[in-house]
Amino acid sequence: MYGRNWSFRITWFRILMIIFVLIAAAAALYRFVYGLGAITNLSDEWPWGLWIGFDLLCGIALAGGGFSTALVVHVLHKDKYLPIARAALLTSLLGYIIAMVSLFLDIGRWFNFWRPFFYWGFHSVLFEVFWCISIYTTIQVLEFGDIFFEKVKFPALKKILGYLMTPLLILGIILPSLHQSSLGSLYIVAIDKLYPLWWSMLIPFFFVWSAFFLGPAMVTVEGTLAARAYGRDPELPVFQSLTKMTMWMMIIYFIVKMIDLNYRGVFGMAFNGSYESNMFLIEMIVFILLPIFMYAIPSIRTKLWGVVTASLLVVVGVVFNRMNVVFTGMAKSVGGSYFPSIWEFLITIGMWSALALAYLFIVENFSILPKEEHTHSTHTNYGTGFQA
Amino acid sequence: MSKGVLVDVTRCIDCKSCMVACKVWNDLPSRKTEFSNDLDAGSLNSDTYTVVNNSISENGDEVIWRFVKRQCMHCLEPACESACFTHSFVKTKEGAVIYKPTVLDQDYCVGCRYCMIACPFDIPAFQWEKAFPYVEKCTFCYDRTQQGLQTACAQACPTGTLQFGEREELLAEAWQRINNNPKYIKHVYGEKEYGGTSWLYISDVPFAQLGFKTEVFNRPVTEKAIPSLTWQVLKWTPFIFVGWGALLTAMRAYTKRRATVHNEEELYGPVDPKE
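Note that the protein sequences, when read in sequence, are chains V and X. If you use this note's numbering, the first sequence corresponds to residues 624 to 1011, in order. If you use this note's numbering, the second sequence corresponds to residues 74 to 348, in order.
Extracted from the complex, chain X is given alone in its bound form (with noise of 0.2 Å):
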């Protein structure tokens, strides 16, 4: 079965355990941080697979504040492992979408970075400053799941925010909350989302103003798997490749009888450069 985690953002008090908790697991470097006025932990980068950044919204005179953890949603259908064409990202059956060369020794990237063109939710970070960089995200702590355990972020939050489990089960929870308390937003975010992902949101203020990625260019954003679109254009491919090869061959051989021979070497030659 396929696993997810459900995070509701109504009981996040951002403590940031899950942070400390996934560098701690996955031997992640610190980066250097600058001082700013807002508490925000900033942006996911290749050392950094996820962060909880603030959301301060104003509701009339009340001030509302929100904190949403940021990585990977291991989409069910994912844009990244669709558009590697060295197979190195793959959705496992567990759920997790790993990258193949870091977490399974499987060295085929050529680092060619589509994936981050590809992904949705800009979620892939690129080792800039290495010679011989790798991509980098969140895995899902797929060597803990494979064991059993959770994840390392869901294990260390203390407030139930982070729920793993079946995905299947953890969206009939969120909607079970969302419809026995009416602060919810009716909405799981992720439930549908670019085909649906292993991570699954809900949360009592408008997924759009907690900088969710509800809305682009004035129209929802889809809902149908990027794969699946890629794939209506790509299928055509062999087929044009016959046919299109088929009508050229004709076309030549027909137009040949009427065309005059040449002794290509009589007509051309080459430039002097010296006049």
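Just chain V, with the same shape it has in the complex (with noise of 0.2 Å):
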């Protein structure tokens, strides 16, 4: 089973990716030797662009479906989801690789990354964050060690892994809830810069909270692709049985939402006709009422269209959440304005593609997804897929 070759299908669309990937390298390249400046349209008034926006806070917020996964499956062993859990580590992994890229692309001194290590800044949110994204991405590399040992045998290393498994899976939940909520706390330094309607104290907890309810979405897209990409069945049953709990997470999180609201006193700022204002209304009613909405009413909920169309809003939504944090609420204070260049933006690209390849590579060469005993035979379902 196991004995055969390593594989990679080239397709069209597969070359397409890969030419991508070598713009974006060329990209980064010229913007190691010749600066920021030279290809991005960051400025003083505009720190932060599309890479720390996009690629790093939505990187890491989309990665949120390995921990919530791995809480579900390793820690409440609830059994009924292990066939997403491998797919969700994987996912997990390759959204940290892509955060750590694009802040190694950003960072205007890299040579210096690994100083944080050694100067302790610790009361700077940066700090934890920077510890925490930094221990979590080793830990899924060894999460994922246990996998890549089933194809490369290697008992010994394997059994080790294995009796490290359970202080590894504990870390892996202990040490994203902690940053993903300290990636909210970076903008409580931010308190008279961030429009109120985000800003807040509890900041970091609407940015853990997001991330969790976010993953079994995260998981339900990704499969669906995959499925569709590969011609297997989705793993719908599962889908559906997750929306339950992303349901009731986003009950919550709004609730808290207008608490805090109601609490600071800037309730009325969200319907003051002010761009802030309709991109607020925007982020809660078509991304979060919305989606709960489509969970609740079980006609939709109980139809792969119904599941999958919440779920892609609630990922968009988690997205367009970190947009209007980075972007949206900071424009009116800092000034200027702010578009990413052509280069950024071939950057991002480059590198999404080099995650959906690495996707497509492993699960194509290790045991990522589950096997489909009884559709192996018949393989009819895959009419609709596209071919990835």
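What the hints contain is simulated information worked out from the structure, not anything from laboratory work. A virtual CB, placed ideally from N, CA and C, is assigned to each residue, including glycine. A couple of the hints might just be wrong.
Part of the chain X face toward chain V, derived, beta carbon under 8 Å [to be verified]:
no., residue
1, D180
2, C182
3, V183
4, R186
5, M189
6, F199
7, W201
8, T295
9, I313
10, G318
11, T322
12, G342
With beta-carbon atoms standing in for the labels, derived distance ranges [claimed, not checked]:
no., chain 1, residue 1, chain 2, residue 2, range
13, V, F984, X, E167, 52 to 62 Å
14, V, W737, X, I313, 20 to 30 Å
15, X, W317, V, K782, 21 to 31 Å
16, V, V909, X, E167, 52 to 62 Å
17, X, N252, V, N885, 37 to 47 Å
18, X, T295, V, P790, 33 to 43 Å
19, X, E264, V, R887, 23 to 33 Å
20, X, G316, V, K701, 20 to 30 Å
21, X, I313, V, I874, 20 to 30 Å
Fit chain to chain and form the complex, with the hints in mind.
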């Protein structure tokens, strides 16, 4: 079974993605030689742009599926979710690698990146984020090692990893819980800069909570994509039973948000007609309330299109929220304007293409997705899938 | 004792001597400027630690011109210091907030620019055009004040707008001027804003009119020091680490007894892309 050789099928779509990766690599090289000013539209007013806002904050948030699934499967031992456990771990690992690569590209004095390990600015939120993300990425690599050594036979190492697995799993939930919230705490410092609809002392709660309820939604979207790409059956029963947890977590999120706005006396700002208030209303109505209703109605929830659409709204909604924090909410106070340059976009596209390629390579060569015993013989159910 | 500078906006004549002195002392290159209809000196950047800009406002028929010097405020509890995860910013006991890589040659800065997000006055500037950029800002002439000299800008000021001294004494002086002369606004900018700053401003024109940050989102600016806000949240980290870890371990142990053992190698398999 595992004696088969490494394989990677080449399709036109994959060649296109490889080209994107090569363009991004060239642009990154240019950035390292000539500095950030040469290829980005960043400025003193907008020190953080697309790479931090999208690749880092959203990459990490979208990787939330890793720790929420780990909690459900390995701590609560809800076995019905086992089929998605490894795929969630893989997406999460790749998401963190994207975040680390984009961070490395974005920092000016990248050769100093290891300094925070030795010069402890522990009063900085970034310090906690840095430590948690570095250690957690290492842990995920080790967790993945357990899968890696199923194919690449190395019994001694696999045994050691087996012993370590319980503490690794526990740490692998604590650390992301801490830094998902810390990514929000980063903005506490921006008290008089970030629009009050988003600034709050509770922003760490909102970030970690949304990263957590995003997890099942992300698993659903990604599982559906993978199923279509490979002509498999989507894990519809798993997706459906995940919706209950997501729905209740989103309801709690919404209630806490309302209480927080009232408590700080800024509830009225949501309706003052400003650009910020409109963006906030879209975030709340389209990306929080709408998916809650879709999850609540059985005739929508039980259909594949329904659960996937609602989950997609949740995923886009969390990205939308992070974008609102980084860009919309800061725009009024920092002044100036920022729109990413073509090179910032190309590097971002290249990084996500690399992620997709890595995902395809790994699921085709390692045991990530559940075996499909019953459909293997028939092979009839992939008619509508696009060819990845 | 902690040093400060008192800026009396009513005395400034916009000669820009302080800007020149700053450039000369810190050996900063000049930047090519463009002609424009106002006399503004532009904005701060990585080659310009201080600027003097115009503020024109009208009071009935009277046109009021004032000139406001802008530079790092040197907060008593700086947000940039608390934001930096490599300790590259430090508030010295003399009052200066310095950036260690360029001032003390201690090169730990990663170039993440979180200090720029953190600063409530938007002061730190980045060398965008360099391959290995530094963050740049006013050093409060740390090298001069160490020698017992005053800052280059204060020394150059011909009108007494800038007065260098002990912050406490300057604060008393500021209130004395305000109380002795009704033209002044009854407010010392920098006394309480963001927990207080080493640079203090007094004026006869409302500060908001001069472009000072007095109100944001229809509320007065924060008087709490920003680092204390972050710390309110960050201090819980070790407790969450231990508590959440204990809870997870307990839950895993509890549910494991009921869980069935799976052979994961049986459950998963590689996908065959060739259909």
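Earlier hints that do not hold, by number | none
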